[in-house]
Amino acid sequence: MNTATTTAQIDQAADRFARRVTARLTAGNDELPYDISERLRAARVQALAKRKLAAPVRQERTAPAVVHNGRTAALGWGGEGGNWWRALVSAVPLTALLVGLVVVNISQDEYGANEVAEVDAALLTDDLPPSAYADPGFVQYLKTANRPAATP
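Counted the way this note's numbering counts, the sequence shown spans residues 1 to 152.
Mixed in with the good hints, there may be bad ones.
[What the hints assert, rightly or not] For each label pair, taking beta carbons as the anchor points, the in silico distance ranges come out as: (1) Tyr133 to Val99: 35 to 45 Å; (2) Ala18 to Gly70: 42 to 52 Å; (3) Thr72 to Leu124: 58 to 68 Å; (4) Thr95 to Gln12: 24 to 34 Å.
Because the hints were derived from the structure by calculation, they are not lab data. Glycine included, each C-beta is placed from N, C-alpha and C at the ideal position.
Please work from the sequences and hints to get the whole structure.
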């Protein structure tokens with residue numbers, strides 16, 4: 001459905017409603033005193049003057065539209081030209097995501113380096129020589145030494 005057609009239909013519905021309200025108000029106008037009916041008439045004239053001034057200022061805005069391309073669909077802006085502000089604002093979440101990924105990567109690298117440094121420091125400050133850790137029998141000894149002893 002075309003946006004201009006929709007706007008025209010909305011305007012027509014608003015005009016029909018305004019005519020019904022005006023007819024109701026006019027029907028009860030005959031029973032009012034003269035001074036009140038004159039004030040109402042002046043208020044109507046002022047309202048019409050304001051409406052006539054406000055009508056040309058009205059701008060046409062298009063709503064986002066779904067753009068079909070084969071079996072896919074994407075949100076578009078209904079033929080509206082490119083807007084640099086919208087592009088800038090839409091880039092903010094992507095920038096935040098990239099900054100977050102960089103921060104996580106840096107912290108993980110630092111954590112991994114600290115962990116390796118602790119293991120190296122423990123190996124170098126231990127009583128055993130580093131060559132003992134490379135011995136296959138030592139690995140077997142560690143596996144059996146960590147197993148709980150059987151109770152008789």
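Going through the hints against the structure:
no.: 1; hint: Tyr133 to Val99: 35 to 45 Å; verdict: holds (41 Å)
no.: 2; hint: Ala18 to Gly70: 42 to 52 Å; verdict: holds (46 Å)
no.: 3; hint: Thr72 to Leu124: 58 to 68 Å; verdict: holds (59 Å)
no.: 4; hint: Thr95 to Gln12: 24 to 34 Å; verdict: violated (46 Å)
Hint compliance for this structure: hint 4 alone is broken.
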